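S.K.: 1 is the number of the first residue of the sequence shown in my numbering; add one for each residue after it.
Check the hints yourself; a few may be wrong.
To be verified - Pairwise CB distance ranges, derived in the manner of DEER restraints:
(1) VAL143 / TYR203: 16 to 22 Å
(2) ASP145 / ASN12: 57 to 63 Å
(3) VAL86 / ALA206: 46 to 52 Å
(4) VAL143 / ASP171: 35 to 41 Å
(5) ARG133 / VAL86: 56 to 62 Å
FYI, nobody ran anything at the bench for these hints, they're computed from the structure. Just so it is clear, the structure is predicted and the values come from calculations on it, not from any experiment. All C-beta atoms, glycine included, are put in the ideal place defined by N, C-alpha and C.
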Amino acid sequence: MARTPARPVRSNGSKSFTTTASVAGLYLVLMRTGERSEHSGTGYGAAGQTFFLVDADNPGLVPDLSLDLVGRRGSATGFVSMHECVVAETDRLGPESRAAQIIAGVRESGASLGSVAVGTALAALDLLVENLRLRGQLAHPVVRDRLVSMATRIESARAVVERAGARSSADPGTTTLHSKLQASEVAEAVCLEAAGMLGSAGYTTASGINRLLADTRAVALMGPTNALCRELVASTWSD
């Protein structure tokens, strides 16, 4: 987005992959307001950026839902552009040029996209169990063994997500990062295994397992991405 000084200005810019585009009543917009610096001291992008809250009815804000996603299609994710959009100082969220610190603070809250991944994994396991029940395969020891292993992995992911939410560890921020990594990886593995156990029935567009797999893969790409999560965890061991 364009640089925005303290006084009201007309701003121009755009953002892709905006969740609830055209649905939200209020948009959180990141703008450059100070001198650019590649390091903010938090690991979350450059310094010199500020958050603003922009009303959906602002005539300069234009949402666009033409982005065609593979999964998470119910999230109304699309583009948002600002054309000569008037943004006032009273619309600012938090201190000027401190957006990176605000983002880092969210991590410390324990809120984790891992909870989304756990829910998706549970839905995949439920779908698989129901299909196996209809086929009369739940009595087979090998099938039951695989189901228990999947359920146990989901419970382990749920545990670390709940620990992150409770902020009970010595380093809640790092635990939050671990929770997203663990839960998203478990969810994708569970969905893939469920699709394999469904056989040909899991390879049709009508199968719900494919929708769940597409949904859970999206979690790894949501901020902070899994790649950034790993970098942030690794940075705790730096000299």
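S.K.: Could you run down the list of hints and mark each one as holding or not?
M.R.: Outcome of the hint check:
In this structure, VAL143 and TYR203 meet the distance hint of 16 to 22 Å, their C-beta atoms being roughly 19 Å apart. The supplied range of 57 to 63 Å is met by ASP145 and ASN12, whose beta-carbon atoms lie about 59 Å from each other. Against the hinted window of 46 to 52 Å, the Cβ-Cβ separation of VAL86 and ALA206 comes to about 48 Å, which satisfies the hint. A C-beta distance of roughly 40 Å is found between VAL143 and ASP171, which places it inside the suggested range of 35 to 41 Å.
Taking the beta carbon of each, ARG133 and VAL86 are about 59 Å apart, inside 56 to 62 Å as hinted.
Checked against the numbered hints listed earlier, the structure breaks none of them; every hint is satisfied.
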